[in-house]
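Each chain is listed here by its residues.
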Amino acid sequence: MIGVIVGGWEYVIAVYVLSGVVISGLILWTVLDYRSQRHALSELEALGITRRSSVPSAFLSGEED
Amino acid sequence: MVFLRLTNPNLFLRFVDLFFPWLAAAAGLCLCGGLYFSFMSPPDYQQGELVRIIYVHVPMAWLSMGCYFLIAVSALGTLVWRHPLADVSIRAAAPVGAVFTALTLVTGSIWALPTWGVPWVWDARLTSVLILFFLYLGLIALSHAIEDLRRSGRAVAILALVGLINLPIIKFSVNWWSTLHQPASLIRSGGPSLHPDMLRPLLMMALGFSLVFVLLYLMRMRNEILYRRVTSLRQMQARLQASPGTLPDVFGEVL
Chain A
1 MIGVIVGGWE
11 YVIAVYVLSG
21 VVISGLILWT
31 VLDYRSQRHA
41 LSELEALGIT
51 RRSSVPSAFL
61 SGEED
Chain B
66 MVFLRLTNPN
76 LFLRFVDLFF
86 PWLAAAAGLC
96 LCGGLYFSFM
106 SPPDYQQGEL
116 VRIIYVHVPM
126 AWLSMGCYFL
136 IAVSALGTLV
146 WRHPLADVSI
156 RAAAPVGAVF
166 TALTLVTGSI
176 WALPTWGVPW
186 VWDARLTSVL
196 ILFFLYLGLI
206 ALSHAIEDLR
216 RSGRAVAILA
226 LVGLINLPII
236 KFSVNWWSTL
246 HQPASLIRSG
256 GPSLHPDMLR
266 PLLMMALGFS
276 LVFVLLYLMR
286 MRNEILYRRV
296 TSLRQMQARL
306 QASPGTLPDV
316 FGEVL
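Line by line, the protein sequences give chains A and B. Per our numbering, the first sequence starts with residue 1, numbered consecutively. Per our numbering, the second sequence starts with residue 66, numbered consecutively.
Honestly, I wouldn't trust all of these hints.
Covered stretches of chain B (chain A as the covering partner; in silico rule of three or more C-beta atoms under 8 angstroms from a C-beta of chain A) [to be verified]: (1) 115 to 121; (2) 168 to 181; (3) 282 to 296.
These stretches of chain A come out as covered by chain B in the derived footprint (C-beta under 8 angstroms, 3 or more residues) [what the hints assert, rightly or not]: (4) 9 to 22; (5) 31 to 40; (6) 44 to 51.
Calculated from the structure, these hints are not laboratory results. Glycine residues also receive a C-beta, built at the ideal position from the N, C-alpha and C atoms.
Looking at chain A on its own, in the form it has when it is part of the complex (with noise of 0.2 angstroms):
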């Protein structure tokens, strides 16, 4: 004879919560190194090294560090 298991949910709601943060935290993860990401590549830029443009004059002749 074939049992029914009763009740579960304690095991069902720890799927669905731990499922839930891990994705989550994965999300977060990758929005905070996009940011990372953003912040880096703008503070190069502020120092005027730029892709595919001209390579800013002042490194170039040596006046700045």
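Please build the complex by placing chain B on the supplied structure of chain A, with the hints as guidance.
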């Protein structure tokens, strides 16, 4: 042709920015609907309320395998076409796949405890999924072990293709060997064996989690492109400071 245009990193970044809010909204809607139907669906005649774990565990398992397939296709892109976005794709997908595989294993263990009496058995299905998890960790470790992006990209791509053999083993493990894990109940000859009341929330949750996966994958690809740009510009800055007046040769590395 649209796909080919998106292989340009700048267009890809614009595409991500444009579709990001729509994808997030669609994922949220699907997950809310899926959660509602998950808790409204009837309990199983044998497993009772525990059957509701299927609505999280199975989509995670599908996505952990789907993510590895995506990595394998990207690996072909790295080795055959040598497209820089293919390597970006592998590095972006691997951590997401590792998390989804870890969730598959943990949610499965939580489900196994009240149904099997033990959280883990070394049967073919569980062991092959554990190997998939280790493959993801291997890909992540290897991608960080070699500094030169081109060399590490090729090594990671080769490992990804070798690991592809594990996917059919996972899928057919329940047919090839006698396992405690149940056989396929959805993708099988003869159609799904699930009742429509259970199939509806399962498919809805699967769609919701798939959208979350795509969202995370695109966000991480965007981060990886920005990381490469920052790294290249820092190298350029260092070379300019070391020898002012010379043009640096780093533009080829910038995405």
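Going through the hints against the structure:
Interface restraint, the region 115 to 121 of chain B with chain A: holds (4 residues with C-beta to C-beta distance below 8 angstroms; minimum three). By the rule of at least three residues with a Cβ nearer than 8 angstroms to a Cβ of chain A, the coverage given for the region 168 to 181 of chain B holds, with 8 such residues. Closer than 8 angstroms: that is the beta-carbon criterion, and the region 282 to 296 of chain B has 8 residues meeting it against chain A, so the requirement of 3 holds. Counting residues of the region 9 to 22 of chain A whose CB lies closer than 8 angstroms to any CB of chain B gives 9, which reaches the minimum of 3, so the coverage claim holds.
With 6 residues bearing a CB less than 8 angstroms from a CB of chain B, the region 31 to 40 of chain A meets the requirement of three and the coverage assertion stands. With 5 residues having a beta carbon nearer than 8 angstroms to a beta carbon of chain B, the region 44 to 51 of chain A meets the requirement of three or more and the stated coverage holds.
Violated hints: none; the structure is consistent with every hint.
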